[in-house]
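Take the sequence shown: its letters are residues -24 to -1, 1 to 404, numbered as in mature numbering (1 follows the signal peptide of the UniProt record, and there is no 0).
You can take every hint at face value.
PhoX-like, lysine-lysine: derived pairs with alpha carbons at most 25 Å apart:
no., residue 1, residue 2
1, K291, K61
2, K335, K130
3, K190, K153
4, K153, K237
Since the hints were made in silico from the structure, they are not lab data.
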Amino acid sequence: MHRKAHRGLAIASTLALLITAAGCSGDDGPGSGGASVPGVTDTEIVVGTHMPLTGPASAGYSKIAPATKAYFDYVNANGGVHGRKITYKIMDDGYNPANTQQVVRQLVLQDKVFAVLNGLGTPTHTGVLDFLKSNRVPDLFVASGSRSWDQPDKYPGTFGFNPDYTVEGKILANYAKANLAGQKVCFLGQDDDFGRDSLAGVEKVLGAGAVAVKQTYVTSNTNVAPQIGAFKAAGCQVVVLATVPGFTALSVGTAARLGFKPQWLVSNVGADHPTLAKQLGAAAPLLEGMVGTNYLPMQNDTANPWIQLFTKVNKEHNGDAPFDGNTVYGMSVGYLFVQVLLAAGKDLTREKVLDAVQKGGYQGPGLVPLRFSATDHSGYGGQRLSRVSGGVQTYFGPAYETDEADGAVNEYTATPAAPPANGVPTVS
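All chains should be modelled from the sequences, with the hints used to inform the complete structure.
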């Protein structure tokens, strides 16, 4: 039986302890007669994040938090949430775990944020899980697909957002099995849970012996010629990339230099075409035929009402910055957080916001369902495949959903929700 089936009691008791501890510490709601909630006044909610504004993962990712902030500014301009404006403190950690610990400590101990929202990175965020738990800080919608965020018994205050990398690995491998049968499949992944979780998903579908060559990279070393050279020497025909954008671009560019032209199947976190095209410059045509995944509206789909909304917000509150998948992602995170704040009620506390998330039922721009519940703290439960053709990235085929265990990869056919008329969620 899947591990989630066993953990309901443990989760309930852990959450009860968390809530009791929070209550004992005076973490009561404004107007409740107790001490004030960190980061919350009658007019403001202060939340924070850690992001790679600089460093090896800054390509594309540095645009996420400004887009989230732009959506918050749009909501603030439309009256805020229960009369409160959202203030978003964005800290640069350079994708360095040591820096992450420092800036998150500052956010919690000095800035007294209500919650940490969308902290980015598997290696970076893993190192602050225990600190956030011990300080009873809601740790919401982590910007990574690591399965570490889905441990409600161990980390009851942490919730994911991205589809987990094992789900994604299964969906990419399902495509390879159906469309690239008989071809030699190889794998390059980041040397942490990002790469390991993705590989686990690929092997669940193709089999443990089906990946001919497995290579890893570290973000501190930008030379991937040894890994790509090993793929070429082995005659790899399909290469699955569990890579951040900079290393997707490095892999594609290095392969071209070595005269190696496989079919690339790329993780959603490293497959945004505008980001990669900017990295590659004149070599951007090398991305032709790349298959990726995503679970939010495509940034170039101007007929999509969510893209219309986010484009408007980008123009009004984000300096009309270049619009790409990172912009869509950041604003989608902001929309979900506003939904959760509304559901938590005017008398806002940390425990109420955690309870609101795990009650689930949220619908937004996603093409697949969010899986939040008391026993599931992962985020989106599936993805849709995309392809670059004629220099344009577009979706093809149906959306898929699956689990991180041995469940089948199934088509998901429900129609995505439309945004509210003014672009601001209301209490459901």
